[in-house]
Amino acid sequence: MEIGKGKETAHSLGQAGQRYNLDDIYAYIAGDSVTAARKVKKELAKLAHSLNDFPKKFPIEEDLANEPESYRSVSKWSYKIIYEVTKECIIIVDVFHTSQHPSKIKKGIKKHIED
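Okay, so the sequence shown: first residue is 1 according to my numbering, each after it adds one.
For each label pair, taking beta carbons as the anchor points, the in silico distance ranges come out as:
id: 1; residue 1: Phe58; residue 2: Asp23; range: 18 to 28 Å
id: 2; residue 1: Thr35; residue 2: Glu67; range: 29 to 39 Å
id: 3; residue 1: Lys56; residue 2: Ser33; range: 27 to 37 Å
id: 4; residue 1: Asn66; residue 2: Arg38; range: 35 to 45 Å
id: 5; residue 1: Ser99; residue 2: Pro59; range: 19 to 29 Å
id: 6; residue 1: Gly31; residue 2: Phe54; range: 28 to 38 Å
id: 7; residue 1: Thr35; residue 2: Asn66; range: 35 to 45 Å
id: 8; residue 1: Asp32; residue 2: Ser70; range: 33 to 43 Å
id: 9; residue 1: Gly31; residue 2: Lys57; range: 31 to 41 Å
Just so you know, the hints here were simulated from the structure itself, not pulled from any lab data. These numbers come from a predicted model, not from an experiment. Think of the CB as a built atom: it goes at the ideal place given N, C-alpha and C, for glycine as much as any other residue.
Use the sequences and the hints to build the structure in full.
In structure tokens form, the structure reads like this:
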């Protein structure tokens, strides 16, 4: 997902594997409650779009501090949105469940770089 401010704005959820993460999150939660799944998906998407207002508001992601790009993260419930701020836009790189091992964050970044 790329989000730009006054520039090119693309709200496609298909970039950098992000759509699959939100869809997977939705499907998992919907197994227990479709209502809860809708709420989580809606709130995570809303949070991602809000990054447009103050993209550097949230800290650099500690587990990615040694990467050449500057990745930031914001958490909501048990999910962490990993994103990169460029001159043109904000790129959502991954939506990560915090119960997963942090090494999976780096795998998501490698996938983003390859795409």
